[in-house]
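The chain contents come next:
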Amino acid sequence: MEATFWLARRLPPCTELLPIISQALEREWTLRERVVMRLHFLYCDFCERYLKQLRFMREAARTGADKIYEAPSPVTPALSTEARNRLKSALRSGSE
Amino acid sequence: MSETKTAVSTQAPDPGLWVDRHGDYLFKYAVFRLRDQGLAEDVVQETLLAALQAYGKFEGRGAERTWLVGILKHKITDCFRRMSRERTITEVEGEEFEHQELFMQTGEWVGHWASAAEPEKCGHLGPHEWGATPEAVAEQNEFWMVFSQCLQPLPQRIASAFTLREVDGLTSEEICDVLGITVNNLWVMLHRARAHLRRCIEVNWFTAERAK
Numbered sequence: 040m041e042a043t044f045w046l047a048r049r050l051p052p053c054t055e056l057l058p059i060i061s062q063a064l065e066r067e068w069t070l071r072e073r074v075v076m077r078l079h080f081l082y083c084d085f086c087e088r089y090l091k092q093l094r095f096m097r098e099a100a101r102t103g104a105d106k107i108y109e110a111p112s113p114v115t116p117a118l119s120t121e122a123r124n125r126l127k128s129a130l131r132s133g134s135e
Numbered sequence: 033m034s035e036t037k038t039a040v041s042t043q044a045p046d047p048g049l050w051v052d053r054h055g056d057y058l059f060k061y062a063v064f065r066l067r068d069q070g071l072a073e074d075v076v077q078e079t080l081l082a083a084l085q086a087y088g089k090f091e092g093r094g095a096e097r098t099w100l101v102g103i104l105k106h107k108i109t110d111c112f113r114r115m116s117r118e119r120t121i122t123e124v125e126g127e128e129f130e131h132q133e134l135f136m137q138t139g140e141w142v143g144h145w146a147s148a149a150e151p152e153k154c155g156h157l158g159p160h161e162w163g164a165t166p167e168a169v170a171e172q173n174e175f176w177m178v179f180s181q182c183l184q185p186l187p188q189r190i191a192s193a194f195t196l197r198e199v200d201g202l203t204s205e206e207i208c209d210v211l212g213i214t215v216n217n218l219w220v221m222l223h224r225a226r227a228h229l230r231r232c233i234e235v236n237w238f239t240a241e242r243a244k
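Protein sequences, first through last, are from chains P and Z.
Read in order, the letters of the first sequence correspond to residues 40 to 135 in my numbering.
Read in order, the letters of the second sequence correspond to residues 33 to 244 in my numbering.
Bear in mind the hints are in silico, worked out from the structure with no lab data behind them.
Please note that a few of the clues may not be correct.
Straight-line alpha carbon distances no greater than 25 Å define the calculated SDA-like cross-link-like pairs of lysine to any residue that follow [claimed, not checked]:
hint : chain 1 : residue 1 : chain 2 : residue 2
1    : P       : Lys127    : Z       : Asp74
2    : Z       : Lys105    : Z       : Gln77
3    : Z       : Lys107    : P       : Arg131
4    : Z       : Lys105    : Z       : Gly201
All figures in this text were calculated on a predicted structure; none of them were measured in a lab.
Just chain P, with the same shape it has in the complex (with noise of 0.2 Å):
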């Protein structure tokens, strides 16, 4: 516990880690953010799940995101009558 507050003391806190821990899944870590981290870890648990589940979200997002567009939803709403018949005679306008 003392060595953990040692340590804290001479790190930056987490709120100042989590821009970095971000860019984790943008470019590679500098040699320095790399011990940075390490030694943070070693006492934050909680940054080191925050990391994981950034990398969660991304291969999340990444494989089955399209469920947004296929399933009925209040947040997404699908094309209105108006829209579709705008729609279709903009197309019959165009097609001449």
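The hints should help you fit chain Z onto chain P, whose structure is shown.
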């Protein structure tokens, strides 16, 4: 074999049928990225008109929907480019989506994940164990409803950046080009979107699922 191919390619396209078969799918696809129903309807119309003109090149190869989605992707990109030309950003909005309330505000552990008010219940505000695999979660329609609901409160540009990166898998460079932003701005936007979405699906899906 060659007979069927000729039969398909000489068949006149029926765009009305496209609207019936793929209209909802294309529209939802566009709404999810552009987050504006009017704009989405416009790009779907542009897509179907372009498809009508390019129909000769399609020749019934592959799935009709995949072909239409391919055209739609380009139209959505064009739309983002038009929007980013109209307004440039100097500062990224949406700082509140970093959820500062989840962290200690004072004391020796300031800036670290906060423990909830009642530590005897082992409560905390840090990330919880999700206990699921991405594959299993991805198959559930209800999960995607929560997911898209959680994206709603985010500012339009942040949500779009997130979708282009995490769902469509565009590179950072491509997204910066399309949205007209710097890579540092993009990283701030992605951080805010991820921080918010992670928390939101944890509360509304993973914790809620377990409580059932």
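Evaluation of the provided hints:
1. Lys127(P) x Asp74(Z): holds, 13 Å
2. Lys105(Z) x Gln77(Z): holds, 13 Å
3. Lys107(Z) x Arg131(P): Holds, at roughly 20 Å.
4. Lys105(Z) x Gly201(Z): holds, 13 Å
In the structure shown, no violation is registered for any of the earlier numbered hints.
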